[in-house]
Amino acid sequence: MLNSVTIMGRMVKDPELRYTQSEKAVVNFTIACDRDRTANGEKQTDFVDVVCWGSTAEFVSKYFAKGSMIVAKGRIQQRSWEDKDGNKKYAFEINAETVYFGESKRSD
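The numbers in this note's numbering rise by one with no breaks, and the one at position 90 of the sequence shown is 92.
In short, the hints are calculated from the structure, not lab data.
Be careful, since some hints might not be right.
Derived lysine-lysine pairs resembling PhoX-like cross-links, with alpha carbons at most 25 Å apart [claimed, not checked]: (1) LYS26 <-> LYS15; (2) LYS45 <-> LYS91; (3) LYS68 <-> LYS26; (4) LYS15 <-> LYS68; (5) LYS26 <-> LYS45; (6) LYS15 <-> LYS75; (7) LYS15 <-> LYS91; (8) LYS91 <-> LYS64.
FRET-style restraints, in silico, Cβ to Cβ [what the hints assert, rightly or not]: (9) SER24 <-> GLY88: 26 to 32 Å; (10) GLY88 <-> TYR21: 15 to 21 Å; (11) ARG37 <-> GLU105: 17 to 23 Å; (12) ASP87 <-> GLY43: 26 to 32 Å; (13) PHE61 <-> SER24: 17 to 23 Å; (14) ALA67 <-> LYS90: 33 to 39 Å.
Even glycine gets a Cβ: it sits at the ideal position worked out from N, Cα and C.
Start from the sequences, fold in the hints, and give me the full structure.
So, in structure tokens, the structure goes:
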């Protein structure tokens, strides 16, 4: 079976680097990715959650910020948890193994 995804879009907010109890770096962020326009010309955007671990997380935290164009390659994964009322919740996110700059550096 194959679970591979590549997505490109702009970060909707600054990434926030955290460390687990075992000192492993982790960063979560959301990418805004435009779809093709609909038949009547409307623009649609998907907001995709991404997680990176280790040196990739530290790289994202250091070099990317809100509005940055980013390319993330990895796999789609599902996680689940129980909310405060005991209801089972699910989320899909991309676990990115590699990230790239989606555009060249702007000159000011």
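Hint check results:
With a CA separation close to 22 Å, the supplied pair LYS26 and LYS15 stays within the 25 Å bound. For the given pair, LYS45 sits about 29 Å from LYS91 by alpha-carbon distance, which is inconsistent with the 25 Å threshold. Under the criterion of a C-alpha separation no larger than 25 Å, the hint pairing LYS68 with LYS26 is consistent with the structure, at around 23 Å. Taken as a hint, the LYS15 and LYS68 pair is honoured in the structure, with Cα atoms around 4 Å apart against an allowance of 25 Å.
At roughly 39 Å between alpha-carbon atoms, LYS26 and LYS45 are farther apart than 25 Å, so this suggested pair is violated. Using a Cα cut-off of 25 Å, the hinted pair LYS15 and LYS75 holds, with the two alpha carbons roughly 19 Å apart. Restraint check: the Cα-Cα separation between LYS15 and LYS91 comes to about 24 Å, which is no more than 25 Å; the hinted pair holds. Proximity of LYS91 to LYS64 is assessed by CA-CA distance (about 31 Å); at most 25 Å being required, the pair is judged violated.
Between SER24 and GLY88 the beta carbon distance is about 28 Å. The supplied range of 26 to 32 Å therefore holds. The supplied range of 15 to 21 Å is broken by GLY88 and TYR21, whose beta-carbon atoms lie about 30 Å from each other. A C-beta distance of roughly 19 Å is found between ARG37 and GLU105, which places it inside the suggested range of 17 to 23 Å. For ASP87 paired with GLY43, a C-beta distance near 42 Å fails the hint of 26 to 32 Å.
The given range of 17 to 23 Å is respected by PHE61 and SER24, whose C-beta atoms sit roughly 20 Å from each other. With their beta carbons about 35 Å apart, ALA67 and LYS90 fall inside the hinted range of 33 to 39 Å.
The earlier numbered hints that this structure contradicts are 2, 5, 8, 10, 12.
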